[in-house]
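Q: Listed in order, the protein sequences are those of chains W and G.
Counting from 0, one number per residue, gives the positions in the first sequence under numbering that gives the first Met the number 0.
Counting from 0, one number per residue, gives the positions in the second sequence under numbering that gives the first Met the number 0.
Simulated from the structure, these hints should not be mistaken for lab results.
Wrong hints could be hidden among the right ones.
Some chain G residues flagged as far from chain W (calculated, every beta-carbon gap over 12 Å) [claimed, not checked]:
| hint | residue |
| --- | --- |
| 1 | ALA40 |
| 2 | PHE61 |
| 3 | GLY263 |
| 4 | ILE276 |
Rough simulated footprint, nothing fancy, chain W against chain G, three-plus residues with beta-carbon under 8 Å [unchecked claim]:
| hint | segment |
| --- | --- |
| 5 | 48 to 57 |
| 6 | 70 to 76 |
| 7 | 88 to 101 |
Dumping the calculated DMTMM-like pairs for lysine to aspartate or glutamate here, alpha-carbon to alpha-carbon at most 25 Å [as the list claims (entries may be wrong)]:
| hint | chain 1 | residue 1 | chain 2 | residue 2 |
| --- | --- | --- | --- | --- |
| 8 | W | LYS35 | G | GLU239 |
| 9 | W | LYS81 | G | ASP136 |
| 10 | W | LYS35 | G | GLU144 |
| 11 | G | LYS93 | W | ASP104 |
| 12 | G | LYS23 | W | GLU208 |
| 13 | W | LYS81 | G | ASP251 |
| 14 | W | LYS35 | G | GLU134 |
| 15 | G | LYS149 | W | GLU44 |
| 16 | G | LYS93 | W | GLU147 |
| 17 | G | LYS29 | W | ASP116 |
| 18 | G | LYS150 | W | GLU41 |
| 19 | W | LYS35 | G | GLU7 |
| 20 | W | LYS112 | G | GLU41 |
| 21 | W | LYS35 | G | GLU106 |
| 22 | W | LYS206 | G | ASP66 |
| 23 | W | LYS77 | G | GLU110 |
| 24 | W | LYS77 | G | GLU144 |
| 25 | W | LYS206 | G | GLU41 |
| 26 | G | LYS42 | W | GLU147 |
| 27 | G | LYS149 | W | GLU41 |
| 28 | G | LYS42 | W | ASP116 |
| 29 | W | LYS120 | G | GLU7 |
| 30 | W | LYS35 | G | ASP147 |
| 31 | G | LYS42 | W | GLU41 |
| 32 | W | LYS206 | G | GLU144 |
| 33 | G | LYS42 | W | GLU44 |
| 34 | G | LYS23 | W | GLU147 |
| 35 | W | LYS35 | G | GLU51 |
| 36 | G | LYS42 | W | ASP104 |
| 37 | W | LYS35 | G | GLU57 |
| 38 | G | LYS93 | W | ASP66 |
| 39 | W | LYS112 | G | GLU7 |
| 40 | W | LYS35 | G | ASP136 |
Using N, Cα and C, we set each Cβ at its ideal position, and we do this for glycine too.
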Amino acid sequence: MLGVGLGLRRSIFDETMMHRQDIDWLEIVPENHMGKGGGSQEMLEIAMEKGFPIISHGVNLSIGSTDPFNEIYLSELKALFKLIQPAWFSDHLCFSSVGGIYLNDLVPLPFTKEAVDHVVKRIKEIQSQFDIPFLIENVSYYVAFGDEEMTEAQFLAEIAERADCGLLLDVNNIYVNAQNHGYSSEDFLNNIPLERTVQIHIAGHLKQERLIVDTHGSEVCNEVFDILKTVLNRVPVKAILLERDNNIPDISELLAEIKQIRQIVAESSV
Amino acid sequence: MSLVAFEETLKNLLMTPEGSAALKSSEALKVFIDTAVLSPAEKNFFLSQPLERLDQYEFMVFANVVDTLESLFPFTQQLLKDQWQPLAQEYFWKYPMTSYQLIHVGEAFPEFIGNTHAIEQYPFIEELALYEWVEADLIAAVNPEYPDFKKTLIPTSPQELTELTPQLNLTALLLQLNYDISEIITFLKDHETDELPAELLTPQSKCMWIYRTLSPYRCRFFELTPLLAVWLSCVFHLHEIGETQSYSQTLDPLYEQLIKTSPGLSRTEFDHQFLQIVSQLMESQILLGSL
């Protein structure tokens, strides 16, 4: 197992480097480093010198887009992988660009057969271009798709099975979606191929008046830790990442959460 | 629900002024959706969405852009104050992102801001934004590949100027400005006000070499004389075309130009004056060493 990791963020870079013994690995947003030198490259080099394994988690591959893949993106991603040598890489089950325009956000796909066919084809195309495993992550979504054709769990399951890819299971997104769309997280877990989970994301969210928003800007709540426990009691996973992108607190608070995650891993029955 | 129709409609809702207006009320959304090329079922999907959920996406998509613009153009934002947000919104609609890297959202911003009413109040605003963009662009620029130069090899005599070749720091750009932008930035750093002293609003021709130091990676600027600007541009160009020339060879045309206005200046005097400049350029990491 790779262990429990943290996102590589510039604002806490020095503190992160000082805690190699507490943080097993680092996750990067490749778009922040692709085709870049200076401090962006230096951060990666320092992290690698410290012995941190690095995993890449993209935001703009736009796997669900009806646009062709951006060839420059793919070639720069490959060049980055030569440097960081990730054990696998991942991106989100969504689209973030259309008509050559980037929305720079994770916009969900409708749960339809057409979208399944499209994404499966696109994941296979990506798998054929890279020699490391590709994982797809369940995203949080706020629009109401209904389940006339299929549920979110069926959508994710069919894509993962047909594309034969791994899952990056975001347990906070499961909680957020279950609350916003009125389903049970237990049902969701029962209807996805959980054994395909390679990596887990865990994060905090923001409760608004009528919506819970996946912000990665607060501490992880107990309900989300409970979903993590459920998953870890059912399947072995290779890595867990504590995601914190906004309102980043003192490193000691993040290390305390990492410790809590380690405790859950230690107590899990699988 | 056609995937193409879904993606196109969401993009138009989230990234255009018409889409933004449509998200203000159910009635406005209905008008917007009625004119979109969608099947009845697709129209029904969008019209059945709670507005606050579509709003959430509009908020997130714009917030990602405006947050990035604020990190790229802190001094432009400081000056524009209340005008910043509406201008950022206008920019977001007029210049949709075509890069997968969010930082590139700033690329067209200087030109955009120079064509807004902000230029009437702050005639230097385009140059200020350009300066901020150049710094951000240089700080993330790909590391150049350098030949095997020696950091400690600094010419100290006219003879060495003929023997050594300068190694320029290639993460650099020459900016010809009409205002003293570095002074404006210094003032804005020290004062929270947007009221600038009159002398900073007066046009002053400035030739700035903006560059990224190697250790640590920081952007700096160096004000150049016209002659030094010509010399650095010449050496930069030689690097770009892969040609090597000694310090003396690169200085020959400058000396020939100079003696037209200062006929009494000997080449030895000229070389000695230049040697003093070389040590300054080395100290500031504009020159990295010699070959």
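Q: Hint by hint, say whether it matches the structure.
A: Here is how each hint holds up against the structure:
1. Distance check on G:ALA40: its Cβ comes as close as 9 Å (rounded) to a Cβ of chain W, failing to clear the 12 Å threshold; non-interface status is violated.
2. With a least CB separation of 9 Å from chain W, G:PHE61 falls inside the 12 Å interface cut-off, contrary to its annotation.
3. For G:GLY263, the shortest C-beta to C-beta distance to chain W comes to about 45 Å, beyond the 12 Å cut-off, and the non-interface label holds.
4. With 12 Å as the threshold on Cβ separation, the claim that G:ILE276 sits away from chain W holds: the shortest Cβ distance comes to roughly 26 Å.
5. For the segment 48 to 57 of chain G, the stated coverage by chain W holds: 7 residues have a C-beta nearer than 8 Å to a C-beta of that chain, and at least 3 were required.
6. Only residues whose C-beta sits within less than 8 Å of a C-beta in chain W count toward coverage, and the segment 70 to 76 of chain G has 0 of them, not enough to reach three; the restraint is violated.
7. Given as covered by chain W, the segment 88 to 101 of chain G passes the check, having 7 residues with a CB less than 8 Å from a CB of that chain where 3 are the minimum.
8. Between W:LYS35 and G:GLU239 the alpha-carbon distance is near 19 Å, which keeps this suggested pair within the 25 Å criterion.
9. This hinted pair checks out: W:LYS81 and G:ASP136 have alpha carbons roughly 24 Å apart, not beyond 25 Å.
10. Our distance criterion of 25 Å between C-alpha atoms is met by W:LYS35 and G:GLU144, whose separation comes to about 13 Å.
11. Distance check on the hinted pair: G:LYS93 and W:ASP104 sit about 18 Å apart at the alpha-carbon level, within 25 Å; holds.
12. Taking the CA atoms of G:LYS23 and W:GLU208, the gap is near 18 Å; set against the 25 Å cutoff, the hint holds.
13. For the suggested pair W:LYS81 and G:ASP251, the alpha carbons sit about 45 Å apart, so the restraint of at most 25 Å is broken.
14. Using a Cα cut-off of 25 Å, the hinted pair W:LYS35 and G:GLU134 holds, with the two alpha carbons roughly 14 Å apart.
15. Between G:LYS149 and W:GLU44, the direct Cα distance comes to roughly 23 Å. Compliance with the 25 Å bound is thereby established for this hinted pair.
16. Distance check on the hinted pair: G:LYS93 and W:GLU147 sit about 37 Å apart at the alpha-carbon level, beyond 25 Å; violated.
17. With a C-alpha separation of about 30 Å, the suggested pairing of G:LYS29 with W:ASP116 is violated against the 25 Å cut-off.
18. Straight-line distance between C-alpha atoms of G:LYS150 and W:GLU41 comes to about 20 Å, which keeps the hinted pair within the 25 Å bound.
19. Among the hinted pairs, W:LYS35 with G:GLU7 is inconsistent with the structure: their alpha-carbon atoms are about 31 Å apart, more than 25 Å.
20. Distance hint between W:LYS112 and G:GLU41 is fulfilled; the C-alpha atoms sit about 15 Å from each other, no more than 25 Å.
21. In summary, the hint linking W:LYS35 to G:GLU106 is supported, as the alpha carbons are separated by about 16 Å, within the 25 Å threshold.
22. At most 25 Å may separate the alpha-carbon atoms for a hinted pair to count; W:LYS206 and G:ASP66 meet this at roughly 22 Å.
23. For the hint pairing W:LYS77 with G:GLU110, the CA-to-CA distance comes to about 33 Å; that exceeds 25 Å, so the pair is violated.
24. Pair hint W:LYS77 plus G:GLU144 holds up; C-alpha atoms about 20 Å apart against a cutoff of 25 Å.
25. Only pairs whose Cα atoms come within 25 Å are accepted, and W:LYS206 paired with G:GLU41 is rejected, the gap being roughly 30 Å.
26. A hinted pair counts as satisfied when its Cα atoms are at most 25 Å apart, and G:LYS42 with W:GLU147 qualifies at roughly 16 Å.
27. For a cut-off of 25 Å, the pair hint linking G:LYS149 to W:GLU41 stands: about 22 Å separates their Cα positions.
28. Using a Cα cut-off of 25 Å, the hinted pair G:LYS42 and W:ASP116 holds, with the two alpha carbons roughly 23 Å apart.
29. Pair hint W:LYS120 plus G:GLU7 holds up; C-alpha atoms about 20 Å apart against a cutoff of 25 Å.
30. A distance of roughly 22 Å separates the Cα atoms of W:LYS35 and G:ASP147; the hinted pair therefore holds under the 25 Å criterion.
31. The hinted pair formed by G:LYS42 and W:GLU41 fails the criterion: a straight-line CA distance of about 49 Å is larger than 25 Å.
32. Distance restraint check for W:LYS206 and G:GLU144: the Cα-Cα separation of roughly 49 Å exceeds the 25 Å cut-off, and the hinted pair is therefore not satisfied.
33. For the hint linking G:LYS42 to W:GLU44, the alpha-carbon distance of about 50 Å lies beyond 25 Å, and the restraint is violated.
34. Restraint check for G:LYS23 and W:GLU147: the C-alpha separation of about 28 Å exceeds 25 Å, so the hint is violated.
35. For the hint pairing W:LYS35 with G:GLU51, the CA-to-CA distance comes to about 37 Å; that exceeds 25 Å, so the pair is violated.
36. Only pairs whose Cα atoms come within 25 Å are accepted, and G:LYS42 paired with W:ASP104 is accepted, the gap being roughly 23 Å.
37. Of the supplied pair hints, the one linking W:LYS35 and G:GLU57 is violated, its CA atoms being roughly 29 Å apart against a limit of 25 Å.
38. A hinted pair counts as satisfied when its Cα atoms are at most 25 Å apart, and G:LYS93 with W:ASP66 qualifies at roughly 21 Å.
39. About 18 Å separates the Cα atoms of W:LYS112 and G:GLU7, which keeps this hinted pair within 25 Å; it holds.
40. Pair hint W:LYS35 plus G:ASP136 holds up; C-alpha atoms about 10 Å apart against a cutoff of 25 Å.
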